[in-house]
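Chains as they are written, first to last, in the working numbering: chain V, 103 to 309; chain R, 103 to 309; chain E, 103 to 309; chain L, 103 to 309.
Heads up, a few of these hints could be off.
As the list claims (entries may be wrong) - Straight-line alpha carbon distances no greater than 25 Å define the calculated DMTMM-like cross-link-like pairs of lysine to aspartate or glutamate that follow:
{"no.": "1", "chain 1": "L", "residue 1": "K160", "chain 2": "R", "residue 2": "E241"}
{"no.": "2", "chain 1": "R", "residue 1": "K239", "chain 2": "V", "residue 2": "D211"}
{"no.": "3", "chain 1": "L", "residue 1": "K240", "chain 2": "L", "residue 2": "D228"}
{"no.": "4", "chain 1": "L", "residue 1": "K114", "chain 2": "E", "residue 2": "E241"}
{"no.": "5", "chain 1": "R", "residue 1": "K195", "chain 2": "R", "residue 2": "E241"}
{"no.": "6", "chain 1": "V", "residue 1": "K142", "chain 2": "L", "residue 2": "D211"}
{"no.": "7", "chain 1": "V", "residue 1": "K114", "chain 2": "V", "residue 2": "D211"}
{"no.": "8", "chain 1": "R", "residue 1": "K274", "chain 2": "R", "residue 2": "E289"}
{"no.": "9", "chain 1": "L", "residue 1": "K156", "chain 2": "R", "residue 2": "E269"}
{"no.": "10", "chain 1": "V", "residue 1": "K274", "chain 2": "R", "residue 2": "E241"}
{"no.": "11", "chain 1": "R", "residue 1": "K195", "chain 2": "E", "residue 2": "D158"}
{"no.": "12", "chain 1": "E", "residue 1": "K274", "chain 2": "E", "residue 2": "D211"}
{"no.": "13", "chain 1": "L", "residue 1": "K109", "chain 2": "L", "residue 2": "E254"}
{"no.": "14", "chain 1": "E", "residue 1": "K195", "chain 2": "E", "residue 2": "E235"}
Since the hints were made in silico from the structure, they are not lab data.
Protein chains: 4
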Amino acid sequence: MNEVISKPVLDKGWVRLEEYMGADSAVIRAARICYQSESKSDDADIRLVRRLLKSDPKHNTVFEHSVFRFNVKCPIFVARQWMRHRICSYNEKSLRYCTADREYYVPADELPDRETYIQHMEASFDLYEHLVEQGWKKEVARGILGTAVYTEFIWTVNAWSLMNWMEKRLDKSAQWEHAEYARAILEIFHQVMPVTAQAFEEFILVK
Amino acid sequence: MNEVISKPVLDKGWVRLEEYMGADSAVIRAARICYQSESKSDDADIRLVRRLLKSDPKHNTVFEHSVFRFNVKCPIFVARQWMRHRICSYNEKSLRYCTADREYYVPADELPDRETYIQHMEASFDLYEHLVEQGWKKEVARGILGTAVYTEFIWTVNAWSLMNWMEKRLDKSAQWEHAEYARAILEIFHQVMPVTAQAFEEFILVK
Amino acid sequence: MNEVISKPVLDKGWVRLEEYMGADSAVIRAARICYQSESKSDDADIRLVRRLLKSDPKHNTVFEHSVFRFNVKCPIFVARQWMRHRICSYNEKSLRYCTADREYYVPADELPDRETYIQHMEASFDLYEHLVEQGWKKEVARGILGTAVYTEFIWTVNAWSLMNWMEKRLDKSAQWEHAEYARAILEIFHQVMPVTAQAFEEFILVK
Amino acid sequence: MNEVISKPVLDKGWVRLEEYMGADSAVIRAARICYQSESKSDDADIRLVRRLLKSDPKHNTVFEHSVFRFNVKCPIFVARQWMRHRICSYNEKSLRYCTADREYYVPADELPDRETYIQHMEASFDLYEHLVEQGWKKEVARGILGTAVYTEFIWTVNAWSLMNWMEKRLDKSAQWEHAEYARAILEIFHQVMPVTAQAFEEFILVK
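With the sequences and hints as input, model every part of the structure.
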């Protein structure tokens, strides 16, 4: 078990790398199997990883042997976009079985009617809790809670799929709130898989 | 292009089969390729399909050549569960680009405070529309809208993955609102892929 | 069931489009769902498809609602590379249950010792048939048959995954024999999904 | 990096667990996220894992957070079946870039004409090496080498997908040579993920 690396995101969220395996060395291992070649030096290994990511079409499979498990806390509207990415595994806090915690995203900006927004979210939780007390099933009562409410999930993803997610969520067309998560995870990616992360920035993100 | 088969679900939702290819004949085609055998009779073909689904472990790949495209309208909380199924393709109405329609699920039962629930949902839409007018981005303002709000998506799925979804969503542990969609789609499945649907009921659902 | 489009490939192989659904119209349908917009004209639809494929990062999901079923006959060494592509479905002739047909790939070029190659392949089949007669299991006796032997399979694949396969197999680094199959399928792709095929050539292949 | 666990399989093959993450604890972690519950005792955790695997329909996603990387050496005909399993990642020794080693599977039984089989395999390698010397591309010359030839690959797979592979390859309908690999990996599975492995034997394999 590796040490957990944690980053706060938005007003109440986070990303935490709980465990990973392989990292840059798994990419080199996989590539060396294809060519039945030996590592000659660290420099040669670094050049190999960079060439694999830069080449067109890219050798995606060698990046799939490096795997990460993150714990994420984010607004439901971010989680909904996130879970559209399918080449990975999720387990999420269930509002069928758990009572929702009174935690929701509040935009940081000086937006008009920000207080009204907060009051409405509070009223939603008041009503939600009342309906559950009145005997409504939690899975139906949750229908009034907005998608600004925070959720939490476990995400296991390989490096190739992770880069695909970052590419899409760091694009200028992505929602700012989601991009904040991608920026936090990119920092963690640099810490644990530095050669690939560097090549990803140079060859994929700058396009 | 096949004729659209449509079923209403819940108070304002639906499932619509827009197009499909293969059906039972694709299963037979795929199995006959493996064994390089010829169809001898309709009865032999039916027995073949039933044996493939009944056998343990099952021959999932032969059922993957039959593909369906559905159009679905359902509450967001149903869509969230639905999109956890990954071996299929989705495109959903985006509340980043579209303004939300004032349509939300209202439970049919004689629940206490049902009117309060409706009033709160209406107030949510009032505030949502107000915030958008005040210049909030739609993608942020939507955070106050509950997951009872209806969404719409296109779903392309092969028969194997469809049966997996139905098995999970027709299970007694599934949320009733989601099971209503599974029941409607099971009816359509019987109409367009009758041999497989019959075997699915007998060998998978009854377990 | 659509009409089968067939192309010969290599000395004894082929690709055949047996059935498909959606084509360009499914891409437009899926994109229109996201934006809840109406088709205004054919020209607008064409521009939409082109923009979706050209944009970076690309909107892969809208291309997944168009699905093809091919029948392919190719040497085993081509099939082995082909089946590394995982976002699609295969069913292949099984040499556990079927006796291998005496059909193998012979390179067209004026290679030295081409006759020796042919004689050796014939000798392999002689021995294979002898071993099976002697009571060897077909699944073990096949071990002496080279990967130049032809196999046959059914391939169901969506347009996005198909383009990914073509991009990799039309690359200059691909094996020539495999690229021949990709060129044949690209021609069929142009026939049945012309707008996407054109955009694919312009925005993806030329890179 | 964990210690490598290695098992010999067939006459010249092996399976080696090079690295893994999560194991039983990742299943528990994922399940506890869903219910936002705390581990009370080891016994409660074991009961939880067993219930998740036994329930019908099964909770596959919680088993996906445990991931393994194996190194496998096996005959090509086994690798061909193996790589039909798609929810995992492979990188294989390439006979486009590497010269084939003279290593092939010889059935252990007292089969008639076993010596003739060996002589033919040796003759195949003689001709292969000759053709390569004559200037044939390795990727074409390999066409005469039988699928009994050994190959080597890296396989990264999560526990759910691994159990699916074992279920199919330990079935009485599976080829004996492939089942030998499944039996070796089942032993390793017991060593590193004992609670899940035990439940797998009891609830899945015995059916």
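Right, here's what the structure says about each hint:
| no. | hint | in the structure |
| --- | --- | --- |
| 1 | L/K160 x R/E241 | violated (35 Å) |
| 2 | R/K239 x V/D211 | holds (12 Å) |
| 3 | L/K240 x L/D228 | holds (14 Å) |
| 4 | L/K114 x E/E241 | holds (18 Å) |
| 5 | R/K195 x R/E241 | holds (12 Å) |
| 6 | V/K142 x L/D211 | violated (42 Å) |
| 7 | V/K114 x V/D211 | holds (15 Å) |
| 8 | R/K274 x R/E289 | holds (18 Å) |
| 9 | L/K156 x R/E269 | holds (15 Å) |
| 10 | V/K274 x R/E241 | holds (15 Å) |
| 11 | R/K195 x E/D158 | holds (21 Å) |
| 12 | E/K274 x E/D211 | holds (19 Å) |
| 13 | L/K109 x L/E254 | holds (14 Å) |
| 14 | E/K195 x E/E235 | holds (21 Å) |
Taken one by one, the earlier hints fail for this structure at numbers 1 and 6, listed in ascending order.
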